[in-house]
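Number of protein chains: 2
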Amino acid sequence: MAKIAILGFGTVGSGVYEVLCRNAAGVSHRAGEPVEVKYILDPKDFSDHPAAKLFIKNFDAILEDPEVKVVVETIGGTRFAYPYVKACLESGRSVCTSNKEMVATYGAELLALAKAHNCAFLFEASVGGGTPIITPMHQCLAANVITEVEGIVNGTTNFMLTKMAREDLGFDEALKIAQELGYAETRDPGDDVDGRDACRKIAILSSLVCGHQIYPQNIPTRGIRDITVDDVAAAEKLGCVIKLIAWMKRGEEGSVAAGVEPCLVPKANQLAGVDDVFNAVLVKGDMLGDVVFYGKGAGKLPTASAVVADVVDALKNGVKVHDSLFWQPAEPVEGMLTDPAPAAYYVRVEGIAPAVAEAIYGKGHVVEEHFDGCSYFVDSADGKALAEAARKVEAMGGSVKLVLRRLPEDV
Amino acid sequence: MAKIAILGFGTVGSGVYEVLCRNAAGVSHRAGEPVEVKYILDPKDFSDHPAAKLFIKNFDAILEDPEVKVVVETIGGTRFAYPYVKACLESGRSVCTSNKEMVATYGAELLALAKAHNCAFLFEASVGGGTPIITPMHQCLAANVITEVEGIVNGTTNFMLTKMAREDLGFDEALKIAQELGYAETRDPGDDVDGRDACRKIAILSSLVCGHQIYPQNIPTRGIRDITVDDVAAAEKLGCVIKLIAWMKRGEEGSVAAGVEPCLVPKANQLAGVDDVFNAVLVKGDMLGDVVFYGKGAGKLPTASAVVADVVDALKNGVKVHDSLFWQPAEPVEGMLTDPAPAAYYVRVEGIAPAVAEAIYGKGHVVEEHFDGCSYFVDSADGKALAEAARKVEAMGGSVKLVLRRLPEDV
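Read top to bottom, the protein sequences are chains A and C. Mapped onto our numbering, the consecutive letters of the first sequence carry residue numbers 800 to 1210. Mapped onto our numbering, the consecutive letters of the second sequence carry residue numbers 800 to 1210.
The hints are simulated quantities; they were obtained by calculation from the structure and are not laboratory data. A couple of the hints might just be wrong.
The list treats identical chains as one, so a pair stands whether inside a single copy or across any two.
Cut-off 30 Å, straight-line C-alpha distance, at most; resulting in silico cross-link-like pairs (DSS-like, lysine-lysine) [what the hints assert, rightly or not]:
1) 885 x 1119
2) 852 x 914
3) 962 x 1066
4) 1162 x 885
5) 802 x 1083
6) 975 x 1200
7) 802 x 914
Turn these sequences into a full structure, and let the hints guide you.
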């Protein structure tokens, strides 16, 4: 009999409890022993809950109970979660979490703690919700060097962009619908729409791929606030859709580039068909080529089912998992991890005429003329060329309103 | 230091050797110890090969060497592979294989042997080539009851169907190209085009999902020989593409249905965009909803990289993996595992007029009229209704040339 504790009884935490109750037989069978929740830590009042006797308010009770082997952390944020998780690992208890902020910030430290104390620190649910991504990456692709990751990892913005494309809506209208449906937060939707959530997730995947901590603050991050109805229509004209893409790429000699940015995705690309709240992550292995993992990126039970699969893994394999699921600590770098490779770009400029845009950006074509500027498709440019062009646009009294990289067609 | 042996130095076997050489550092790191090939068993002459000293012709040398911990089986078929694998497992050596025929036929027996002798029997590469499917299914979806699997699992036929759709080719022309490119066998392409390969793969996944052996001979299997240029055009008219779909579904009270058949796939469905030699498998979990695993379904290095990941898993976790990767023996059932659920269907009939087809099939519409019959889209029918309609068509002197089920739009 394995006893576990759940820290935080919000959406995911209560989902973990529900999954463990509903699929108890299958979970116990795969874990090799029955799995039972002994404590649920939450400051709120759950005296009316059917499992009221499990709720506690004092974290130390968990640490003091030698029966508890695995702790599920679903508090979120880092203020409480981080010290609690540290204490659990230091006491030799495995921790399974869905907390992307904590893993993106303290991953290396917590992994090292788990290794030192002979237990497991697992976080499959932190990227892609219930969709298996982290485990296949370090386990099934164990015989590969991973060279690139590219994906749609934020369901809220993907839902909004899908709405905008299908129903000709602007950003504000799409956000309102996402908020009404509970996909976006009402008070501050910034974590989603400004790309911070996607940034944490690609930071986690980048750290796993590179073997050392990659920090969110070193990943250039842009959200979808600047996307207009016109941009969506222009993308359509170019045979593309607009998606918020989180990506990382390994270069020669261990260099790494990463980013979160809205991109033009050609319709032939596998990521173009990923709509609504779905997520998809493409991983390139040197032996395997491209694989894509696709599924719902969020939701109570899907995310909870990934946490529970980690609990099973922690019980069966313990610290051994860290032979492949591991990265070293590292200091944040100076500046940003940008990608110098040339690509095709879409730019929307204001205050200059199409002929002027053409003269400045060179090889390419005008996609649409606006009353005060134009959208222009640039066949190939790199960051330096784009910066130079932006300077020229401004020197002419204009301004660059939006720049979208186009992904390649294949995959 | 872990010593391994490779049985069969064909495409996949030589790929395993190459992957182990090229990514030795990463593999050893993840396995927790260096991994080295000690023997390669193959009856052919490899005296000119750089690793000539590893080649042997006597299987017993492997069994007699206590240093060999894991055996890779890449002979294919069952004549030699089955007794060799049995002997390895009985001696307590873990086996990793890409051999779908062997797993589809003897899976339960070999899994039981592995469990009894405290070693692992792993076969990730038997379905989806290098794409992770089996491991995520039993490990990452451990907290789910899997209710349905639906996928494109044969790269050769998918390549042919893609060619037929894009270039207006008939079956024979597409087959010729596939043979020229080495995707289809020249002498007997039947395993691919008649669906037997896909049938073995869905038999494996069905066995894993149901927990008992499901045999290929109980799975109704149709290939793509009957698909014409006209059918491809008619599918396009209906907003669909034609794909060879392998599927299984669990019903109430443990019932199971499975099949391999060409289907109409609506373009909004995630499987519609899976082109060329790519594979994709959709798995429905009761907690998770739909996830899709997408990647190259074949190829030397991709498939080999999945075998090598299994080698790492066998070395690290051994028999423990069989708490979740397991199914019981079972006798083949009488008859076929058919699916009674009603669906929309496309039928092509000859020798009867469109008006007659309309009268016979009822709710639906004529898609195309041919000089000697028509294509008809049936809004909803089940197996019984289709059989009844076929009888009527024949009674009128006509014949049913093709029946394609349409998959649902979502996903």
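So, going through the hints one by one against the coordinates:
{"no.": "1", "hint": "885 x 1119", "verdict": "both (19 Å within a copy, 28 Å between copies)"}
{"no.": "2", "hint": "852 x 914", "verdict": "neither (33 Å within a copy, 39 Å between copies)"}
{"no.": "3", "hint": "962 x 1066", "verdict": "both (17 Å within a copy, 18 Å between copies)"}
{"no.": "4", "hint": "1162 x 885", "verdict": "neither (54 Å within a copy, 64 Å between copies)"}
{"no.": "5", "hint": "802 x 1083", "verdict": "between (38 Å within a copy, 29 Å between copies)"}
{"no.": "6", "hint": "975 x 1200", "verdict": "within (23 Å within a copy, 52 Å between copies)"}
{"no.": "7", "hint": "802 x 914", "verdict": "both (21 Å within a copy, 26 Å between copies)"}
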